[in-house]
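Peer 1: Each chain is listed here by its residues.
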Amino acid sequence: MLAVRLNRARRLGPRVVLPLAGSVLQAAVVAAATFVVFLLMRLIPGDPARILAGPGGSVTPEQVERTRRELGLDDPIALQYWNWITDAVRGDFGNSLVLNDTVAELLADRLVITLQLSVYAFTLAVVLAIPLSLVAARRQGAIADKLSRLAGATGVAVPSFWLALLLIIVAQGVLPTFGYAPLSEGLGAHLGHMLLPALALGAGFATLVFETTRAGLIDTLSSDYVRTARAFQIPERRIYGRYALRNAFLPTLTIFGLEAGALMAGALLVENAFALPGMGRLIVQGVLSRDYPVVQACILVIVVVFVAVNLLMDLLYAVVDPRVRRSRG
Amino acid sequence: MAERTTPVAALLRPLTQKITWSVLAVFVLVAAAAPLLAPYDPAAQDLRNTLMPPGPGHLLGTDEFGRDQLSRLFHAVRSSLLISLATTAAVAAAGIPLGLLAGYARGFANVVIARAIDVGLALPSLVLALGLIAALGAGMRSTVIALAVGYTPYLARVVRGVVLRVRQEEYVESARVSNVPPWRIAVRHVVPNTLGVTSVQLTLIFAFAVIGEAGLSFVGLGVQPPTASLGNLLADGSAHSLDLPILTVAPGLVIAVLVITLLFAGDGVRDALDPRRRR
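These protein sequence lines map, in sequence, to chains Y and L. Heads up: the first sequence begins at 1109 in the numbering used here, then just goes up one per residue. Heads up: the second sequence begins at 62 in the numbering used here, then just goes up one per residue.
Keep in mind that the hints were calculated from the coordinates and are not lab data. The model shown is predicted, which means the values in this text are computed figures rather than measured ones. Keep in mind that the hints are not guaranteed to be accurate.
[Claimed, not checked] Partial chain L-side listing against chain Y, Cβ under 8 Å, derived:
(1) 180
(2) 244
(3) 281
(4) 303
(5) 306
(6) 317
(7) 320
All C-beta atoms in this analysis are idealised placements derived from N, C-alpha and C, irrespective of residue type, glycine included.
Bound-form chain Y, shown alone (with noise of 0.2 Å):
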């Protein structure tokens, strides 16, 4: 029993190492890119200090000066960077300078709910796209190719707001339409409000994830392995499973890692359409009302977000390509 688990332990080894190696640059590109958002948000004109100190004409120099102190805004920027940076990784964001809470706890349930409506736009799209892929790939030629064309560029053309108004439209009276329903009022009423949302954002992703896959059993169904295969007349079950899956999703895993990222700012835009209370009316009302803190705490997330999806995605490549499970024996 043990050593299965080791020899497993070791067939992971290169696999997970690999990519975790490439995940050191990868660190360091999204250190870059917090500091670029931390930069950024120091590009919004208005004090902080003044804000922050009171309102109006009530407030002294002193009182100003005091408060930009306390704030550490009069330390050097670098420095700045490191104190914030240090204090979102223990969760501390620091307070909102309009909403009367610290961002942590604004963010807290929001977050939740963006990433619930991402997860399950995703999966919706996977179930949906990835069996018509596989259907559509059977089917080539001309006419197949353009409208499988069609159906891509459908989904991109499509912006996910107006489906989800289009959604309200249809189902209006039929299901929720409008806000949100947590989990603890019951699966049901949790999913039924949601439905509408994920099909709205995860429909534009279905059909990329569609597209790709299709293209990419297309290009692996036509090689050389598989022609052999099927002239060693392998049943055509067999191909698929054993050979031709494998290699074909790799473009759709990389699609995943790439449009995780857009996925999300999607579901921001989204749940403004369902009027559910996820991070998108946060983030707008943070950018309205120029709240940088707020602004930047909401950046850092979606992008460690991607990052991390990305990283994910990284390591199943390694686990579904061939190539490095061959290089073991």
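Put chain L on the given structure of chain Y with help from the hints.
Peer 2: Okay, now just chain L, sitting in the frame of chain Y:
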């Protein structure tokens, strides 16, 4: 010898491309002539005739301020195309030199630019745009800047890839050993090779800019009312999507048709420039 065809002729040969470019021409015409084509002033309110259904006086009805929806739609196409055009031009102006530098420069400059592009790609473009708008304030100019900064890394990465490939080509090598100055190699060999990929990317970026503007304006961070833009019309209409769906359906349909047309235009440009796909 193979029959010589001009790129334009190759581009317009397939039927889908004829349709694509005709539709685009209509959009450009509407955008250019919006003030002439619009039956009403797009900002003129008529508070006695608010939320009118489509009819002879107002072909697409009126919004909650009694403004003529068709006139607003024409002007929205105008401002959305203008924003997308400005965004695309800005991306080209920034992304092409960046990509060329990143592919051409060696040593420290190469590393710095390449990593800068990576950093840009690590931030989802809409999210980066939100951050920029927080800093710049909402408005038409900010929308262009925010979208352009978000899309520039994508173009720069593609251009850099082409440069890295072309540099390895034998004719560039031989030009280099013949002491042709680097700027001349860049102008004569490298830049022409990037034009194909660049023009395809720019059509895509134009399409994404249309959606980007609509998304930002939909949540109130893009073009500010009363200026009509495709995103603004959606935002205005969404409040009445149940009692007057045409206000939501029409602008969204225009966005979808415009973007599909742009994507097919991109396909056409790609096929026309790629001799292997040209039939």
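Peer 1: Tell me, in ascending order, the numbers of any earlier hints that this structure violates.
Peer 2: 2
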